[in-house]
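Novice: Letter by letter, the chains look like this.
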Amino acid sequence: MFAVENGLQGDPRLQAISDAIRVIPHFPKTGIMFQDITTLLLDPVAFKHVVDIFVDRYKHMNISLVAGVEARGFIFGPPIALAIGAKFIPLRKPGKLPGKVISEEYELEYGNDRLEMSMEAVKSQERALVIDDLVATGGTLSASINLLERAGAEVVECACVVGLPKFKGQCKLKGKPLYVLVEPSQLEEITF
Amino acid sequence: MQSIICSHHLCLAPPPTVLCNRLLCHRVPSIRLTNHRSATTSLRLFTCAAASKKSEIMAAAKEDGQDPRIPKIASSIRVIPDFPKPGIMFQDITTLLLDTEAFKDTIDIFVERYKGKGISVVAGVEARGFIFGPPIALAIGAKFVPMRKPKKLPGKVISEEYSLEYGTDKIEMHVGAVEPGERAIIIDDLIATGGTLAAAIRLLERVGVKIVECACVIELPELKGREKLGDAPLFILVTSDAA
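Residue numbers (this note's numbering), protein chains in the order written: chain P, 1 to 192; chain X, 193 to 435.
Hints are computed from structural coordinates only; laboratory data are not their basis. Hints are supplied without guarantee of correctness; some may be wrong.
[Claimed, not checked] Computed footprint of chain P on chain X, listed as stretches where at least three residues anywhere in the stretch have a Cβ under 8 Å from a Cβ of chain P:
| # | segment |
| --- | --- |
| 1 | 271 to 281 |
| 2 | 294 to 306 |
| 3 | 315 to 323 |
| 4 | 327 to 339 |
| 5 | 343 to 357 |
[As the list claims (entries may be wrong)] Just a sample of chain X residues kept apart from chain P, beta carbon distances all over 10 Å, derived:
| # | residue |
| --- | --- |
| 6 | Leu290 |
| 7 | Thr360 |
| 8 | Arg398 |
| 9 | Gly400 |
| 10 | Leu421 |
| 11 | Ala434 |
[Stated by the list, open to error] Label-pair restraints from in silico Cβ distances:
| # | chain 1 | residue 1 | chain 2 | residue 2 | range |
| --- | --- | --- | --- | --- | --- |
| 12 | X | Pro278 | P | Pro12 | 54 to 62 Å |
| 13 | X | Gly279 | P | His60 | 44 to 52 Å |
| 14 | P | Tyr110 | X | Phe282 | 43 to 51 Å |
| 15 | P | Val4 | X | Thr292 | 27 to 35 Å |
| 16 | P | Val4 | X | Glu414 | 52 to 60 Å |
| 17 | P | Asn62 | X | Lys307 | 25 to 33 Å |
| 18 | P | Leu187 | X | Pro342 | 20 to 28 Å |
| 19 | X | Gly308 | P | Gly175 | 23 to 31 Å |
| 20 | P | Val23 | X | Gly310 | 43 to 51 Å |
Even for Gly, the Cβ is constructed at its ideal location relative to N, Cα and C.
Next comes chain X alone, as it looks inside the complex (with noise of 0.2 Å):
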């Protein structure tokens, strides 16, 4: 397959990659957009590298089911190549915050999925899913409770450890936040390799809570965080490519 560095052009080409009658683009890095309410195939979008770092999604066509909403979603999340170390492109969502007809169809979204399921807390994981999480829970009249580092929390906590690439790491919550019985949904921006989310679905689980889903803006699938999730569904916004 040819590549050929087109100028801000996106192709919407379904796998296997087929040359379309526009540019295709080289495929760094590349965004798809799903939407999981439906069980339409997902529309695999390039963007062009020699675009600028700020990822240009325009959708060529719509599918069916596919939310509208979602390209400027996905176009208004900056990618940065290595940081926070070489190799790793960045999902910096705070150029979605900047956009706020994005930022508020995100969060209607979330709102609009859980609204009315009985879910009673909303759990945020430091430091980006506390962004998320409380507009959801205030729409929805859930909780708000934060997912925490270690010693962070004032009170008396629970906490659960996870694995890093190197070593490992603690999340806490405080004791009496939530009750066994009560629903609850997990937020945070970007699901990866899903050891955070893992570690708060045990925290969760471990104290009588059911996680009704698990809900991220981003999810990066090469890194198969949606294994680590057990019985937990995941919903995600916007998929892209790790490095």
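If we strip away everything but chain P, and leave its shape as in the complex, we get (with noise of 0.2 Å):
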């Protein structure tokens, strides 16, 4: 579901989110057009903007955990956890996360991947939410959701700032409902 249609059509926040994104042609290979957040982070208040738009969704949703997908989830992930008053969870590439942990296979296009969660970060039961920057497949997402399911918790929602328009409607994922801020940006057109 977009964020367009769940009551903030017309939202001017929305166009200067989506005005703060650059995208990067054919990378990091020839055909895919990079949604790049970076330049949304430069604009403090466009971050804010979409900080405060996470915040107002789901500070009465009583969400204990925020997992956060390494490395931009732990962008967003943070400012929203601190203003809701939840847990941070790192979801991170293997070996990185010290202690004991348990990892989740995903596909990617050629091969495969695995995300790991600290088994300790989690009770049973706990209102999740999770986030990264963007959704393509779904992949990382659903490896997401299976972690904290292991783990006991309850997914309520994955969150993310960019999602492709397939994921319009009541798209979910695993059955957990998906909430994006926007489509992907379009190159600009060079003026002269």
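Grab the two chains, each in its own frame, and use the hints to assemble them into the complex.
Specialist: What follows is the structure, encoded as structure tokens:
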């Protein structure tokens, strides 16, 4: 579900967020129009809009856990967690987290990757939010949902700044709702 | 000096070590709490070898100038022995992130220090600097600039090499992220040898940015990272033994 479908139609903050995201063509490979959120982070007003919109949505949903996917989920997750009084849990590439971890494999276009979570971070029945900068295939978010559910948490929603248009409407990931702020930005035409 | 293994008991003993009237724990590992804002003596606290892996620090007494939030922050950091390899005492901040009050206090201390100082850039080193940097940047109205491992940033970058124990590594920053004359702080969770932070300083200074300060939650002073930072001051909340 996109923010515009859920009460934020015409909200100027969404346009500001979209405008602040830079498109880098053919990264990391030919054909991909990469949505670069680093330019959003250089705009403190637009960055704050992102956090404010998510905080407004989640502050009354009794969420005690915000899980952020390495590495760009680490940028958006903690400010939300701090504002809603929730714990922040990093979901990391293999071998980075110390202590006891559980891991979940997921598919890439070519081959597989793995995501890990600390086993001791989650108490049973906790209500969790998963956050990442962008959702494309949903593979990483699905792996995240699996990790949290295996540890006994209830995933309330997955939240992303950018999402492909296929995630409009009541699209769910592993039965969980998805909340997205903006569609991918387009490459600006160069004018002289 | 006698080593007595106590049970979860901590004593406060200023250097040189003096037996106080409490049980003195075997000094493995020790966490020293410092507050660099004032010139107070650091308080030497000893953690118990028989204690759980999570460091439990309770200040027996408060010295003047000690921020009362710091003991709780220090005690929320878990120490994991022999990770990522034997002999290393890993300072695990993920337990701090699970303690909502300690995490909030950590950010508040940095924000109080840097707000209103004309700082327009908060640079955070991948990946744990990405956790602490953005909340600070948002609160002080500054840009957040991620400094990343090679090939992660999609646009044009400048990069700086630094030494590892074996070999070298590089960190990168987007061209155009910062402008000459901007005032910056650099954030990471921990400073060990100082190699990464020194590289981050060089990257920013190359484009004319003034480093106001480097800020970390934890310092491992035995590794003398401070010495690599040149003129840039270092502000930290907690110090600990490296091994």
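Novice: Would you pick out the hints that fail for this structure and give their numbers low to high?
Specialist: 6, 14, 19 and 20
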